[in-house]
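Student: Sequence:
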Amino acid sequence: MGSNQKGSPTMTPDDAILPDVLIHNVRAVTPSAVLPEATVAVTHGVIQEITTRPLTGAGAIDGRGRLLLPGFIDIHSDVIENAIQPRPGGRFPVDVALHELDKQLTACGVTSIYHCLCFLHSDENPPFRSAEMTDFLIRQIHELKGGFSARTHIHARYEITNDEAFAEVERLIRGRLIHFFSLMDHTPGQGQFSDVAHFRTYYAKARGLSAAHVDTIIAHRLEASRRVDWRGLEHLARTCRDNGIRMASHDDDSEEKVAAVSRLGVSLSEFPVNLEAARAARKHGMLISLGSPNVLRGASLTGNLS
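Positions in the sequence shown are counted from 1; adding 1451 to them yields the numbering used here.
Keep in mind that the hints were calculated from the coordinates and are not lab data. A portion of the hints provided could be inaccurate.
What the hints assert, rightly or not - Distance condition first, Cα-Cα at most 16 Å in a straight line; then the derived EDC-like pairs of lysine to aspartate or glutamate: (1) Lys-1596 x Asp-1546; (2) Lys-1734 x Asp-1693; (3) Lys-1734 x Glu-1685; (4) Lys-1734 x Glu-1706; (5) Lys-1596 x Asp-1666; (6) Lys-1596 x Glu-1551; (7) Lys-1596 x Glu-1583; (8) Lys-1554 x Asp-1525.
Unchecked claim - Computed beta-carbon distance windows for the label pairs: (9) Asp-1693 x Gly-1510: 47 to 53 Å; (10) Thr-1667 x Glu-1621: 27 to 33 Å; (11) Arg-1622 x Ala-1655: 30 to 36 Å; (12) Glu-1674 x Gln-1591: 30 to 36 Å; (13) Gly-1510 x His-1671: 55 to 61 Å; (14) Asp-1614 x Val-1530: 26 to 32 Å; (15) Gly-1541 x Asp-1693: 39 to 45 Å; (16) Val-1480 x Lys-1554: 20 to 26 Å; (17) Thr-1481 x Thr-1667: 49 to 55 Å; (18) Leu-1469 x Leu-1660: 46 to 52 Å; (19) Ala-1655 x Gly-1749: 25 to 31 Å; (20) Ile-1524 x Glu-1674: 52 to 58 Å; (21) Leu-1469 x Lys-1554: 18 to 24 Å; (22) Arg-1678 x His-1550: 40 to 46 Å.
Don't be surprised by glycine CBs; every beta carbon is placed ideally from N, CA and C.
Take these sequences, add in the hints, and give me the full structure.
Tutor: See the structure below:
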């Protein structure tokens, strides 16, 4: 006997123009299993049936044994930065870059995207990660997203050593201009960069910085880490909770850190760097996300949990 799953479609006026499709000979990925030699029946743009029973009909497509998955939901992507500035000094108009990026996302099967936009400390002078640029990009995305094919959302990433942008971020949260909020700490010597030497190499290469400049960043971050405004972070977390915005913690590296962010109401451990942190997140009832590129490659770029 074949397995069978059915859905109840909700019809819209545009459904009539969509052709019926029967996709057979695929490995269909469902919430509970991967169904071998499956067939997916689509009527008026709505999935009617996913089954391992043979079906016949017009518009049949042979999947040739490939995986067939639902549209991807990317909750952590900073590809927007490369879309706007693919090379140093070569910047496209933001509206052009966003529309072209939307085409690329849907062509790759991404139907929902959470664009990561960061709030870093201003003394690092990152081109796309200052409060001013982040605010501008958020507003541009909201103005343009009605013309995008992918469902487009904002994932605001907040560096906990940044005590300059609390008011701006709170305003964005209360204005419902962001849809997901994560706390991150890129202080050298912990988290993603437990090896300070790796931090030096990575930042010099990724941002084209001199060794002296990287050393200055390291000194600033170490100093800032000693005066994190936890009261301000608690206020932002409470504002997120009051406005129904889910929160994540980035690069958790210890049970102690997981416990601290859990008290803030964080419900997702994003890229825990070791098993200790992942197990602690599970213990605190948090969801855990890992990077799908790391799963595909079989390893983390920084040698962390993948």
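Student: Taking the hints in turn, state whether each one holds.
Tutor: These are the hints, each one checked on the structure:
1. Lys-1596 x Asp-1546: With a Cα-Cα distance of about 10 Å, the restraint between Lys-1596 and Asp-1546 holds, given a limit of 16 Å.
2. Lys-1734 x Asp-1693: 25 Å, violated
3. Lys-1734 x Glu-1685: 22 Å, violated
4. Lys-1734 x Glu-1706: Within the cut-off at roughly 10 Å; holds.
5. Lys-1596 x Asp-1666: 40 Å, violated
6. Lys-1596 x Glu-1551: Roughly 12 Å separates the two Cα atoms, so the pair holds.
7. Lys-1596 x Glu-1583: Distance of about 20 Å is beyond 16 Å: violated.
8. Lys-1554 x Asp-1525: 15 Å, holds
9. Asp-1693 x Gly-1510: 47 to 53 Å: 48 Å, holds
10. Thr-1667 x Glu-1621: 27 to 33 Å: 29 Å, holds
11. Arg-1622 x Ala-1655: 30 to 36 Å: Taking Cβ atoms as reference, Arg-1622 and Ala-1655 lie about 35 Å apart, which means the hint holds.
12. Glu-1674 x Gln-1591: 30 to 36 Å: Between Glu-1674 and Gln-1591, where Cβ atoms are some 34 Å apart, the hint holds.
13. Gly-1510 x His-1671: 55 to 61 Å: Given range 55 to 61 Å: holds, Cβ gap about 60 Å.
14. Asp-1614 x Val-1530: 26 to 32 Å: With Cβ atoms ~28 Å apart, the hint holds.
15. Gly-1541 x Asp-1693: 39 to 45 Å: 42 Å, holds
16. Val-1480 x Lys-1554: 20 to 26 Å: Distance hint for Val-1480, Lys-1554 holds at roughly 24 Å.
17. Thr-1481 x Thr-1667: 49 to 55 Å: 51 Å, holds
18. Leu-1469 x Leu-1660: 46 to 52 Å: Roughly 51 Å apart at Cβ, these two residues keep to the hinted range, so it holds.
19. Ala-1655 x Gly-1749: 25 to 31 Å: Since the Cβ atoms of Ala-1655 and Gly-1749 sit about 26 Å apart, the hinted range of 25 to 31 Å holds.
20. Ile-1524 x Glu-1674: 52 to 58 Å: Since Ile-1524 and Glu-1674 have Cβ atoms about 38 Å apart, the given range 52 to 58 Å is violated.
21. Leu-1469 x Lys-1554: 18 to 24 Å: 20 Å, holds
22. Arg-1678 x His-1550: 40 to 46 Å: At 42 Å between Cβs, range holds.
In terms of the numbered hints stated before, the structure departs from hints 2, 3, 5, 7 and 20, listed from lowest to highest.
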